[in-house]
Every structure is written in structure tokens, then in C-alpha cells.
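Protein chains: 2
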Amino acid sequence: MLRYALLITLLSGAHAAVPPLMPMPAKVEPGTGRLAIDGGFSAAVSGVIDQRLDSAVRRVTARISRQTGVPMMPGTTPTLRVECSARGAQNPTLGEDESYQLDVSSDGARIQAPTVAGALHGLETFSQLIVPGAEGFEAPAVHIEDRPRFQWRGLMLDVGRHWLPIEIVERNLDAMAAVKLNVFHWHLSEDQGFRVESKLYPKLHQMGSDGLYFTQDEVRRVVAYARDRGIRVVPEFDIPGHTTSWLAGYPELGSAPGPFQIGRTWGVYENALDPTREETYQFLDRFLGEMAPLFPDPFFHIGGDEVVGKQWNANTKIQAFAKQHNLKDAHALQTYFNQRVQTILKKHGKIMIGWDEILQPDLPQGTVVQSWRGGESLAKAVAQGYRGILSSGYYLDHLQPAAAHYAVDPLGGAAANLDSEQAARILGAEACMWGEYVDWETVDSRIWPRAVAFAERLWSPREVNDVESMYTRMAAVSRWIEWTGVRHRANYAPMIDRLAGGNPAEPVRVLADAVEGLGLSGRKRPGFKYTSQTPLNRMADAARPESEVVHAMQLAAARRSPEDAARLTEQFNRWAANDARFQAMAEGNVLLVELKPLSKDLAALGQTGLKALEYLSTGQRPPAEWLAAEQKEIARMQRPAVEVNLAATRPVKLLLDELAKPGR
Amino acid sequence: MLRYALLITLLSGAHAAVPPLMPMPAKVEPGTGRLAIDGGFSAAVSGVIDQRLDSAVRRVTARISRQTGVPMMPGTTPTLRVECSARGAQNPTLGEDESYQLDVSSDGARIQAPTVAGALHGLETFSQLIVPGAEGFEAPAVHIEDRPRFQWRGLMLDVGRHWLPIEIVERNLDAMAAVKLNVFHWHLSEDQGFRVESKLYPKLHQMGSDGLYFTQDEVRRVVAYARDRGIRVVPEFDIPGHTTSWLAGYPELGSAPGPFQIGRTWGVYENALDPTREETYQFLDRFLGEMAPLFPDPFFHIGGDEVVGKQWNANTKIQAFAKQHNLKDAHALQTYFNQRVQTILKKHGKIMIGWDEILQPDLPQGTVVQSWRGGESLAKAVAQGYRGILSSGYYLDHLQPAAAHYAVDPLGGAAANLDSEQAARILGAEACMWGEYVDWETVDSRIWPRAVAFAERLWSPREVNDVESMYTRMAAVSRWIEWTGVRHRANYAPMIDRLAGGNPAEPVRVLADAVEGLGLSGRKRPGFKYTSQTPLNRMADAARPESEVVHAMQLAAARRSPEDAARLTEQFNRWAANDARFQAMAEGNVLLVELKPLSKDLAALGQTGLKALEYLSTGQRPPAEWLAAEQKEIARMQRPAVEVNLAATRPVKLLLDELAKPGR
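Chains A and B supply the protein sequences, listed in that same order. Residues 1 to 664 (our numbering) make up the first sequence, in order. Residues 1001 to 1664 (our numbering) make up the second sequence, in order.
There's no promise every hint is true.
To give an idea of the chain A side of the interface with chain B (calculated C-beta under 8 Å), a few residues [to be verified]:
id: 1; residue: 46
id: 2; residue: 330
id: 3; residue: 332
id: 4; residue: 424
id: 5; residue: 441
id: 6; residue: 490
id: 7; residue: 501
id: 8; residue: 560
id: 9; residue: 561
id: 10; residue: 565
id: 11; residue: 577
id: 12; residue: 660
Simulated from the structure, these hints should not be mistaken for laboratory data. Note that this is a predicted model, so its numbers are computed, not measured. Every residue gets a Cβ at the ideal spot worked out from N, C-alpha and C, and that includes glycine.
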């Protein structure tokens, strides 16, 4: 087995033996020669007869046809043989064997896997290997042995706050499968929306969703779609807090007098189910009993986060109940509630999961704790014998760079001190896509490509951690996964064009390429309150969480080869020239006018960058006052404005820092 | 009414009173003020109760939400009132009143139309008016009166040569409706594919389509989809030539002994139905009788083009029949065939249309002739009392510039000398998208945006003919129609990324932006024969038919303001710097390596452009030899290579021509 450092060199070189793979397999041995992928490509399955595998082979073949642009008319000899020893579980199952082996030679390719789950992963790796070669599309000869590091590799999608229709769910399932994520955590109810049809309690979706919900047929369709791709579906109905949308139709479940309206603003609501009334549990028993069979996975998420005790404390009946049952505070009341809910779920064949607030004394054993508040609570949970999954550090809605998520390890931080038995109870992790500031148009770009880095952290050996290799491979895989149907790249240009209001959009694009959208905490404007109806059509929404243009410039600024200097000069000139054009088109356009100072700053950065390059190339020392003034300007520009971050500051700052080095 | 010259100035200015509309309405009177389009937008219908209109209002409202990015939660007072006096025909009908009036003021908008057809057009115009203003999205106050110049405004789509699935058909119907095209001519059978399910003759689709055909349910779905958008569907089953795919399943219909295989190569095939056997007409009677009710429109296209007499001449039985019936040649045989087919179609309630080869003595009256070979045959047909539609000059697969189609008028050329009664028989025109060199990925970009220029030619007053105004408005509308779902712009970047093989694609994009794909006659490579299985994944497929980048540079080169000179300099520098980067990534990539000389030429053009700008700015006269040598180089570069046209030559040539002017 190659060392990763060496392997990564091989993979990222100009004449890469192996194309960029992500997540990096556990073992990759480059071979000699290449397998041609042409219009006669076909794949054949042996070993098992399995509908999931057959449809995966068809699906992946069709995708290979799209990604190469080669129409397929299968030949008689299979190019790829998929040998699968056993079907494995009918539904994707926690802990099943997901390993596979992939061999490519000039004669053909072979995937061997003990179960269908592994074979599906092998098909994805095989697709990633295909590149245009000297004579046509080809896959390089290679021997790969692969298996996941963690068994629970999830993506949580919040469809409660902003509605996301089934097409978006499905295409994201395809992209998840492409990078070997295997749990879709479907956050289905929120203060702002109840998103599943209930036949027993129809006012849940009728009065809690503005008509935007999944029918039960659609739920079954999504579950089947996920199953076909080796993905478990874990539903979440968040109780007892986050339930305003439930109360719109069933105010009698509440802890305060109604009526209740669907939430329209963000933040934590005080509304909560009444944990002291038997009717609440009768309702939940029937409701969860209705939902349970829709979701074949044994795990069932009941949320449990951010319960505000305020209504419970203010309600004399609830307080009387608490006193009578010796429940000393809201936490104790919630534990009581959880115990009741756990009993109900158990009756319906389900294992309870909840956010880490549920970790209270007397939490029923067997419960799984999902940690969002930090690694400490995860470590605490597994130390107490619970199983846990990590989400702290993996909040995609914070719009952090991919490297930040990549650096977080489920077994790092507080978990590093656990013994092996305890550590084994950390099942894996989930990246969370909360829905305050994403909609049908932007959600893909807030998940991808950063979730690819997360996927690698969960799948690949821990030693795979070279950040620049990750970025290089992520850039390629980001483009590749769009063939699954996700639109994180495709939706960029139309949003820029919209900002430009029908005018040639180039000046807006130059600015958009130089900024980064801010996450949850940065989404605020003076004197303005976001609601679920606020348009997400500004620069902050169009701009990506991480600028590829700026990232490339940072590398160039660090290296400063002649070619790097030439590219930086081009880009700085572009920024400098862009402002006059931008100002001309911004006037009278509400979406652009607020960006005028930003565009001016970008032009100034271009000028500063050019000047800095000049100092560096001539070896001249800049005046100290100039340097100090520019550094001050950069510091000012690094403060977020209009909900974006002027990423363009970074490469310029690198150059200034270089000029400021004492040795110069 | 404003004169068009003035109006166009108003529309294309920086502070346009009215956003770019296309097709330009018959009458546009800008008003004062603006109507805010916000989340409370809603539209209400009065006058008629009509499902088509109601669904159009919902559809357009949803599209306005997408194009603005503003989530809609309709208020109680309608923003837009649609007043429609009568439903009009249940199915879109040739010659129905399509007029409408649209009034926008700061208080609201109103569409008035005598029929649903007109109201649908009014909704599209209203959507085009919406732009981001100083306080939010808005539509400017305006009074519009509008009606079409021609009643038959069609797009022909060939799904025979390359299969195009229903999603592509549907999204193109949406885009057609957006620019007021009203006939979808569906070319359903070809030598290379028979694309409709026949229950009576199942071997047609089973053996003639590689499994790629529309079920009858899908046909009904497409017809209903089109009807909802005011679009007639005219099916074409091309007979007696172009029938190889029919003969694959039913060789007994042929004029030569079988067996026959689906065609895989392009060009004109010799295969033709046997016009002398009664069984042929029995087959056609039953088959056309099966198809007729699927298509409610009375017009039915039987093709009739490119019939090669060779098999008929070589078949002694056919020759004996011809002699016996006094049919002196293949033309006479085809006329006999057409008469028989016309009788069958009439029996099934249909009016026959055919390509202009059917115009032979004794062609049955009432037939409609579609002219593809030139305006003369159209003029001849209408002079003889037939009705006609023009397609010559509107072949989208030739990848001509939009201006070329825009310059062709159905009443121009040979039709200019017709009397008014004859001219009235020219019903309109159809743009034709033939399928040799388009597939699922490229067909949209070969139709749009150029078909928008065609749509304006057919809809707008003849005096609307300012080419630069057209290009300015087309650029905006090209972006706007992507909100209908067509992907002519969206599919560009993924194709460039594919060419780049996972590497950063910028050098490929710079080259792609500077070239134009060649049409039918330019799709050839030495020693290579295209088939229906040849991948369409090269630069010739990714490159657009017309480069927006180069078009803007041509305007700049003609004007040469300081800002123009700055932009030209940037672009020339980009070209000059691009080649080294391109060469580095092209090596070993079959899709790029053939483009290496082209990239080198582009770099040379950049250098020449910079030099020319220098001469122009300094007022210095270039040496005559330099000028001659550069002009010669440009002439060389203007010769097509690797199936593309180096469009970048044009702005450079403009500068050289300016330098060569004797007065300088």
C-alpha cells in the first residue's frame, strides 16, 4: 500500500496515474495500462440476483454515458463485472459490510463485494475513475480495496423551515450515494412547517405547511429511492419543542393557550407540547404508529433540542403535575416526556435518537444521542453507555470552509480520551443542512461540494488529511457530482444573471467570484428581520460559501512562480477594472446598489495586489506607512458587509504579510 | 405609437423605460411609474372560466417567483387581472384571434384578450417586463397592444435521428410559449428511428427505435402540455422516403428486398415504401387511422422529401405498375402516392402537409406545402392556390447567426411579387431543428436563443428589424427563457468541464467562448464518418452557434471608445495568455489535443489585436507588409477547423480593416 503522502502526489500531479477520487479509498495501488470506456461499455452482475444492484448498474451506466457524452449501445462482453456474494439486508442496515474491491486492467474491470451495499460503493468509485485519455475515455489500471471508517455517514436536511420538494431530495440522495454517504436524516417538522401528510391527524399538514408537504406516497418513494442507493432514511419529528406548526392544527397539544400560527421568523420558539397530559401521549402513540411503517429503518429521531421551559413553568397545571411526580424542573419534565416517547417508539419497533439535550439522568438505555453542541456531550454520552453520532463541527449552514469540517474528527477532541469500547459507540457523524437561509435554488450549493470533504472524513482512513489534496480532488468531484443532478454549480449563473437584471452580468460575476456568502450568524441586516418569506436572491445567496477563484489565488500568492505572478496580475487587473462597470449597472437596482462599496473595495484590493506584486518582483521594500495603511484597510475589509465576506482580501493579505517579513 | 427606431432607443438605453421585450409587441407606449412585484403578487382571471387559463396563471406566477427569487404568498387584491372575453377554441386553432392588450400602472396590471390564446401571450409579455428596480422587483408602467403578424409560427423538432425524451420536448414547449411560437411540428419518424408506439403495428417502434420511443400516453401528455400553452402539435410521419426504420419491422412495405436495419449513418437513404402495392395503403390507412386521434390538430404532415427514385426504377413490378398507370417517372409515382395518402388522411379528418417536393402537377388542392428548398417553391405553391409555410432560411441546424434568420421574411424574396390574395396563403414559417448533430445535451443550445430572433420575425411588425436591438434584447431573453427549464446556457459549463477532464477548465472556456460550432455541412472530419452513435462531446458541440463574447468585441471594435479599447485589451491579453495554459492541459486528452493549433491561433489573434489597438491609439500607420501578412493569417484562420469557426478573427479583422482604410 502506498503511503498517503506519496499517493496524493500521484493523484494531484499533472500526469496523474489515478484520477481524483473522493472519498479516498482505504487502499489504492495504481497499475499499468488503461481500460477504454466507449459506446460498447456494459456491466454485468454475477453472484446474486438483486433488483437494487441491477438498477444501480443501469443507473451508473447511464451516468457514465452522461459524464462522458458517449452514447451507450452495450456490447456482448461486459466491460465491468460486478461480483456480489450476497444480497445483504433488504434495506440498508447500520453496520452492514460495505467493503468492496475494484480491479481495473486493460482487459476489463471487476468489482467484488460481499454485499450489495459494497458493490454500490464500488460502482461509484469506478465512475470517478473515468477521464478523457489519449485515445478516448478510459479508466486507469488500478487495484482498490476499500471500506468505510465509520458506519453512520449522514446528511441531515431540514425541509421544515424552507420547503424543499421531492426532486431536490432525490437529487441530493444521488449525490450522497456518489460520495458514499449512507444516512439521510430527514428533518420533517419545525415551528415553520410540518411536512408529511398524516391521515390520522390531517390538520398537521393541512394547517401546518402552507400546502407544502410530502404525501405518504412521496415519502415511500423517497425511502425506496434512498434504499436503491444504499441509503438509510432516518425521519425526525422534533418534539416537544419546535412544534409550532403542529399546534396550528392541534392547539390542545400545547402548553400555553392557543391559537397558534405557523412560525414565520427564525430563532427558538417557546411553544412546546404539554408533557403532562395523557392525550399528548395518545396523540403521539397514534401519530408515531402511523409514521413508523413508512420508514423501515429502526432508528427514529425525536429531536428534543432547544426546549424552552418557559411555557411549562408558566402553566399551573403542568407545574402541579411536575410537583406531584417529583419532576424538579423543565429538564426533568423533558426526561419524563422522553421516557414516555421512548416507550411508544419501542412499541412501534423503533430505536430513539435525539439531539444532545436529551442526555439527562434516566435517559433510557439504547437511545442514540446526536451531538450538536460540542464533542464533550458526545464523549459524555458514549461514556454513559449510549451510542452517539457527531454533528458539532459539521453544520453546513454555517458556511465554513470545507477545511474546517475536514479538520473535525468524530474521534478527535474530547472523544480522543475514550477507551476503545466507548469509542466504538461513536457510530459516525452527520452533516447538518439547516433551512433558515436556503431554498430550492441555493440548498444544493450550501451542501455541495463541502459535504464531499465531510464524506471523506467519515469514510477514509484517518491519515487521509492533506488539505490541499482535498481541495484539488474536491474541485474535480464537485463537477463530477453535478452529473447526478444536483445543481450547486448550475444555479450560480442564473442567480448572477438575475442580480444583473437582464444586463450583461460579467461585472456581477467578477464580484461574486471574489466574495463568500455568510452563514447563519452572519445573516443579518440593521433594522431588518428575516422571515421564511424573505427572498433569498441577493449576493449573499448567489455567492458560494467558498470561492474557488480566491482559493487558487491564495495558492498562487503563497508560491509566487512567474506563472503565478502572471495569473495574480490578471486577476488583480480584473478587479481593478471591474468597479467602474459595476457602478454603472448598479444604479437603480435594489439587488446591486448595496454592493457598491464592496465593489469599490475589490477594486482597491486589485490595486494593492498589483502594487504588492511590484514590490515583490523588484525586491524593493515598501514604505512602512504604506504597508501599515494597507494592512489596516484589509482588516477593515475583512469585516463582513451585506452578509458576505470579501474573500479577495486573503491573497492580497498574503502578499502584504510577505512584504512585512523582517528578513526582507 | 412610437416609431420603432425611437422605441428601440428607449428599450436599449441604460435607463430603459421598458425592459427588453422579444418578440417586440405591435405597439408599446411607455407610461409613468411602476408596479411593485413582491411576495404578495397574485393574478386573477375574469370573464371566462377556463382550465387552460387558470393553469397558465399558476404556471406564470410560479415562474415569476423563480425569475425574481421572490417566494409568493398571494395577497387578497390581485396585482394582475386577466380579463378574457371568450374561451375560444378548446384546442389551439390556426387563425384564431391571438391579440391581447396589456396595461401596467403603479396600481396594478391588466390583460384584456378576446380569447385564451391572446391572454396566454399577454402573460408572457407581462413576465418579460419584470426587472429589479430601485426598491424591489417591478414592472414599468406601459400600454401594450399586440397581435401576431403570422398565424403559423412553428418549431420543428426532429426526434428521429437522435432520440430526445419527453422532458426535453416539454421544456422546449415552455420556451416556445414564452416567445409566442404556436406550432410544434414533431418530426416523429426517420431512417434512424421510429419514435411512436403503434399498437396496431408494434414492430414499428419495437424494431425501429432501439427502445427509444414515445408511448401513446406520452404523446397525449405532450399534446395536452402544448395545448395548455397555446401550441398546436403537428405530427410528421415522413413517407414514402426516410422510412428505413419502418422497414426494419415491416420489410414487405419496401421497394427493394429486405431485410432492413435501422439507419445509423446520415445522408439520404434509397429506401422507400412501395407506392404500387395496395397493402401499402391498407397499412397506411390503419396506421394513420391509429395516429390521427392522438393529434387533435387537423394538419398532418407526411414529409415527402428527398425521395430517391432508384429503388422504384430498379423494381420491375413497380415499373410495370407505373407503365400501366401512365406514371412516367418517380415524381409521377410520388404524386400518385400522395393522392392516395391524401384520400386516407381526409377520411381520418386531416389536412395534408408535406415538404416542397410534394408540389407536383395534380397535387390535391387543400394541401399545405412547407418549403425547405427556397422561397421560390413557396411562391410557386401559393401562386397555384396551395397554402404554404416557409422553412428555407430557418434551418437552425445550420448554426447560422441569429441575424441571418432574422433577415429572412416569409413575404420577402420571391414572395415579394405575390398579390395580396396569394400572399395571404403564406401562413407563416417554421424553424427546423434537424437531429443529425444534436442530442439531449446540445439540442437546447442549437434552438435557443436563435429561435427567439425567428419568433420575433414571425410575430412582430415587419418594421421591427434593427439587428443590434435584436441582439441586445435576445441576450436578455436568452437568460430569461432558461427559467422555463430549457438548458441552452446551463449545459455549457458541464460540457466545458468534461472537455477539461476534471482539471480547472478556464483555459478551455476561454477558447470555447472564442469559437462557434459549425452546422450540418461543417460536421466532417477527414477519414471519419459520423453515425448516430458518435459522441457529441467535442468542442464543436460545446461551443455555441454564436459567441456572445465575440459579438460584444465586434461592437467594441467598431466603436473604439476608451472603455471599448480597455475591454478589447483585456480580452486580447486573455487570449494571448491562454495558449500556454491550454497546451499544458491538452496533452494526452483526446478531446483537447486536436484543439492545440486553434488555441495557438487564438493567442496569435490576441497579439495581433493588441498590436492593432496600439497602432490605432497612437495614430501610427502599420507597415503594409505587416498588415498584409496579418490579413492573410486571418483569412487562413477563418477557414473552419475541427468543426468550429474561430469567431475571434472577426473583431481583429475589423481593427485591421480600419487600419487599412486609405484615409488613415
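Practice problem: List in ascending order the numbers of the hints, as given earlier, that are violated by the structure. | Solution: As far as the earlier hints go, 1, 2, 3, 4, 8, 9, 10, 12 are violated by this structure, in ascending order.
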